[in-house]
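Please take these sequences and the hints and turn them into a complete structure.
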Amino acid sequence: MARTADVTVIGAGLVGAATAVGLAEAGLSVDLYDAEFPGSGSTGAAMGHLITMDDTPAQLALTAYSCQRWRVLAPSLPEACEIDYCGTLWLASHPEELVGVRDRITAFAAHGVRAEVMEERRVREQEPNVCPGLAGAFWVPDDGVCYPPAVARALVDRAAALGAAVHSGERVTAIAPHEIHLANGSRRPAGAIVVAAGVHSPELIPGLPVVPRKGHLVITDRQPGLVRSQLIEFGYLHSAHALGSASVACNIQPRRTGQLLIGSSRELVGFDGRINRVLLNAMLERAAKFVPAVNSTRVLRTWTGFRPATPDKLPLIGRWPSLPDLWIATGHEGLGITLAPGTADLIVAGITGRPAPIDPSPYAPDRTMPTMTTAVA
Amino acid sequence: MRRVRHADVVVIGAGPAGLAAASAAAERGRSVLLVDQGLRPGGQIWRHRDEQALPSAARRLMARARNAGVKLVSGCRLVDAGSPNELVIDFRGRIDRHQTDAVIIATGARERFIPFPGWTLPGVTGIGGLQALLKGGLPVADTRIVLAGSGPLLLSVAAAVAQAGGRVQLVGEQAGAAALRRFAIRVLRDPAKLRQAISYRWACRSAPFRTDTWAVRAHGDGRLQSVEVSERGHLRSIRCDWLGIGSGLVPNTDLGQLLQCQVEHGAIAVDALQATSVAGVWAVGECTGVKGDEAATIEGEIAGRAAAGDAAGAGSTALQAARDSGRRFGRLLEETFAPRPEVLALATPDTILCRCEDVPMRSVDPGWTPRQAKLWARVGMGVCQGAVCGPSCTALFGWSANTVRPPLGNPSCGEWKSGLDSAD
Ligand SMILES: Cc1cc2nc3c(=O)[nH]c(=O)nc-3n(C[C@H](O)[C@H](O)[C@H](O)COP(=O)(O)OP(=O)(O)OC[C@H]3O[C@@H](n4cnc5c(N)ncnc54)[C@H](O)[C@@H]3O)c2cc1C
Ligand SMILES: Cc1cc2nc3c(=O)[nH]c(=O)nc-3n(C[C@H](O)[C@H](O)[C@H](O)COP(=O)(O)OP(=O)(O)OC[C@H]3O[C@@H](n4cnc5c(N)ncnc54)[C@H](O)[C@@H]3O)c2cc1C
Chain A
167 MARTADVTVI GAGLVGAATA VGLAEAGLSV DLYDAEFPGS GSTGAAMGHL ITMDDTPAQL
227 ALTAYSCQRW RVLAPSLPEA CEIDYCGTLW LASHPEELVG VRDRITAFAA HGVRAEVMEE
287 RRVREQEPNV CPGLAGAFWV PDDGVCYPPA VARALVDRAA ALGAAVHSGE RVTAIAPHEI
347 HLANGSRRPA GAIVVAAGVH SPELIPGLPV VPRKGHLVIT DRQPGLVRSQ LIEFGYLHSA
407 HALGSASVAC NIQPRRTGQL LIGSSRELVG FDGRINRVLL NAMLERAAKF VPAVNSTRVL
467 RTWTGFRPAT PDKLPLIGRW PSLPDLWIAT GHEGLGITLA PGTADLIVAG ITGRPAPIDP
527 SPYAPDRTMP TMTTAVA
Chain B
469 MRRVRHADVV VIGAGPAGLA AASAAAERGR SVLLVDQGLR PGGQIWRHRD EQALPSAARR
529 LMARARNAGV KLVSGCRLVD AGSPNELVID FRGRIDRHQT DAVIIATGAR ERFIPFPGWT
589 LPGVTGIGGL QALLKGGLPV ADTRIVLAGS GPLLLSVAAA VAQAGGRVQL VGEQAGAAAL
649 RRFAIRVLRD PAKLRQAISY RWACRSAPFR TDTWAVRAHG DGRLQSVEVS ERGHLRSIRC
709 DWLGIGSGLV PNTDLGQLLQ CQVEHGAIAV DALQATSVAG VWAVGECTGV KGDEAATIEG
769 EIAGRAAAGD AAGAGSTALQ AARDSGRRFG RLLEETFAPR PEVLALATPD TILCRCEDVP
829 MRSVDPGWTP RQAKLWARVG MGVCQGAVCG PSCTALFGWS ANTVRPPLGN PSCGEWKSGL
889 DSAD
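First to last, the protein sequences are chains A and B.
So the number in my numbering is just where the residue sits in the first sequence, counting from 1, plus 166.
So the number in my numbering is just where the residue sits in the second sequence, counting from 1, plus 468.
Treat the hints loosely; a few may be bogus.
So the derived label-pair ranges between C-beta atoms look like this [unchecked claim]:
(1) A:Q292 to B:E810: 51 to 57 angstroms
(2) B:P817 to A:E286: 47 to 53 angstroms
(3) A:A246 to B:T611: 38 to 44 angstroms
(4) B:R707 to A:F437: 57 to 63 angstroms
(5) A:V444 to B:G835: 54 to 60 angstroms
Think of the hints as simulated: they come from the structure by calculation, not from any bench.
C-beta atoms are modelled at their ideal positions from N, C-alpha and C, and glycine is treated no differently.
Written out as structure tokens, the structure reads:
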């Protein structure tokens with residue numbers, strides 16, 4: 167090989183694609199590898215909700231910063247990326263779910279994110295198909311949705327236009343100091359290495375605390391206007407939080423096509439992608455409880471995907487000590503689409519030595535964490 | 469509450485293959501449920517409004533199924549299957565779960581379309597679709613109709629159009645004269661097929677039939693007005709009200725894929741007794757390879773016996789010889805009517821490839837995988853889930869079939885949900 171790129175990025179999901187663009191924009195030469203094609207992994211299975219989440223202050227800081235970066239990115243992306251700022255409406259069944267919501271509004275505001283409490287009457291005005299009798303809602307107007315595989319494709323095209331060498335259909339089988347090994351038996355020299363291989367990252371870095379957390383999604387026929395904002399029940403927070411047991415929550419997304427994308431479920435079953443019909447039934451019951459008209463939509467397809475989950479629900483972004491110049495960008499669980507631009511900025515800052523836009527320490531891959539088995543138990 | 473029922477054997481599809489399979493199993497003492505989404509049994513070939521008007525072979529087979537005690541349910545669809553033993557069936561809006569020991573897939577074939585400019589204009593329809601419209605009573609008296617495509621279906625639909633009073637302007641067969649002669653020689657050896665061919669040709673005797681002929685472009689302002697055809701190397705334009713198109717049939721393997729049966733060369737793979745790679749699942753008729761109704765009936769007979777535990781009967785020398793002969797005929801069909809390179813090259817960058825999602829040819833790259841085309845360009849993501857564009861892509865780009873995910877056939881969310889297992 168004639169040249170050794172400054173950085174080799176492994177994985178062209180949304181995280182690797184955004185990182186490759188950031189590195190190329192910083193003037194570094196980049197080699198980008200994907201075992202299949204850009205967006206073929208978890209990115210191609212995801213809902214594409216761009217969402218501010220505040221489970222922990224660190225999660226709020228990174229989601230808020232990333233959503234801000236999405237705002238800048240969005241106008242430059244092609245139509246096919248289907249970016250719509252439809253907002254998130256968090257539906258509360260019981261008044262106690264809204265307890266403490268004032269503090270959340272204050273915390274969001276500190277990051278420049280607008281949020282408000284919406285009373286039942288206004289919820290029903292905005293979403294006439296939501297069931298009556300709710301306690302109200304938490305409204306985050308600045309959240310949006312995108313079509314993730316198209317964004318991955320667009321970003322990889324952009325990286326290539328900036329000079330990155332894109333290797334689609336090339337699987338990396340091992341990494342060594344300043345070298346990667348490919349499935350075809352060849353070896354390529356590398357400068358810095360960024361592993362952004364999503365749920366498959368532990369295959370390249372044994373011991374990396376990432377496990378696949380399965381989710382189901384259902385897509386319906388076109389029913390324009392049935393739902394206008396992304397609807398999530400407050401119970402979703404508990405569902406996303408508990409790592410151990412299987413859970414479902416109402417999560418309904420309006421697509422630009424007029425279709426509804428319905429989630430969500432969470433289970434830890436390794437890489438078994440088969441449809442769990444018991445869980446799926448519970449998931450659809452949840453959706454129909456909040457939006458009864460979901461029952462009359464026609465279902466086109468159901469699929470499953472895997473979220474790259476970590477024991478403390480924060481991503482792994484930064485240097486990994488097992489090899490020199492090895493960087494990790496994964497473990498985003500159900501937020502990797504949202505978090506891709508922020509993650510890219512943190513990696514670029516780390517590799518170039520420039521100041522980071524937000525404090526990177528909460529995401530340091532070698533931070534102390536509960537072990538996976540403790541977290542699951 | 470959803471009901472859970474039981475049948476020893478469940479047959480999906482009541483065409484010739486499914487009817488024969490269901491009868492053979494029921495005659496051997498099995499309880500048999502025969503499910504079809506059509507309004508009446510008979511499949512594509514024996515689609516009818518009046519049973520008395522059907523050919524005697526069809527009437528005999530239907531009477532046989534009735535006498536054997538087959539429970540036939542029409543207007544019902546299989547929508548999901550958690551395993552081969554657990555079928556979810558939509559009984560006209562009510563979902564039932566069926567437990568069974570044996571499944572026989574007899575879901576038939578689909579039409580294959582090779583896109584060309586204008587093929588999505590209203591007034592252009594599949595030849596099989598046109599035939600269904602005719603049988604449903606579409607008035608065609610004194611309308612001008614052009615049929616252009618490939619395969620035996622062309623002639624049978626031309627006959628039906630002529631019988632209904634339509635004026636067939638042209639029957640264009642893309643296959644060459646030499647290939648068609650070889651095919652005809654084989655048909656001459658088969659009295660039943662010969663009789664059928666002669667009767668079709670007689671029925672549409674006033675229509676010009678041309679080999680080496682295909683539609684190049686359909687014209688019209690909002691609706692079809694004329695079609696440009698390439699007729700033995702010369703272009704000419706024909707005014708018409710309907711254009712029937714179709715480049716042959718391809719197996720409908722959806723249910724086989726859903727049940728994880730092995731699919732080879734676009735057909736559900738089966739052994740000599742029509743068993744698939746999955747225990748307890750058989751497949752018969754066109755879904756295992758296109759070869760006509762006689763062969764489909766033979767395969768149904770074999771699988772019905774085998775599924776009822778009569779392996780000796782299923783393996784009988786006479787049945788096996790007939791089966792082999794049917795398979796040979798299927799291979800000949802495939803060779804004779806394979807889309808030719810000129811036809812595969814008709815689409816322009818603006819020609820629609822995926823109708824459901826309005827995807828033009830220029831949006832896809834032949835070097836992609838089918839999954840890439842789906843995720844990047846929405847090919848096959850729509851209501852038909854690739855039933856139409858899948859076979860086109862296979863012919864054009866050599867892509868393998870789209871993956872099949874539940875549910876089949878777009879049930880309503882409420883219906884489908886009620887067929888899923890619940891925790892309680
Ligand atoms: C059902 C579901 C719904 C979701 N909804 C949302 C949502 O609404 N919003 C949100 O923000 N997030 C959502 N997510 C989470 C999101 O999908 C992931 O966090 C995100 O896609 C992770 O991106 P990634 O680039 O890290 O991984 P991936 O997209 O998996 O990319 C990794 C890439 O690496 C490649 N690769 C793997 N191994 C190798 C190797 N050895 N060599 C070369 N290449 C390799 C793969 O081919 C793949 O393309 C959802 C996830 C699921 C499953
Ligand atoms: C559009 C079309 C028109 C045709 N016209 C002719 C013709 O005129 N002459 C001729 O010789 N051959 C014709 N054929 C070919 C003909 O299908 C075969 O020669 C023969 O009928 C094969 O029998 P079969 O039982 O395998 O399939 P089919 O006769 O196709 O029967 C399959 C049956 O399965 C049912 N089915 C499929 N999926 C499901 C499901 N999920 N749940 C419930 N039911 C289901 C369908 O409704 C159909 O009734 C046609 C084929 C097609 C596709």
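Status of each hint after checking the structure:
1. The hint said 51 to 57 angstroms for the Cβ distance between A:Q292 and B:E810, and at roughly 56 angstroms that hint holds.
2. Checking the proposed 47 to 53 angstroms range against B:P817 and A:E286 shows it holds: the Cβ atoms sit about 52 angstroms from each other.
3. Separated by about 41 angstroms at the C-beta atoms, A:A246 and B:T611 satisfy the suggested range of 38 to 44 angstroms.
4. With their beta carbons about 59 angstroms apart, B:R707 and A:F437 fall inside the hinted range of 57 to 63 angstroms.
5. In this structure the hint that A:V444 and B:G835 lie 54 to 60 angstroms apart at CB is violated, the actual value being about 41 angstroms.
Checked against the numbered hints above, the structure violates only hint 5.
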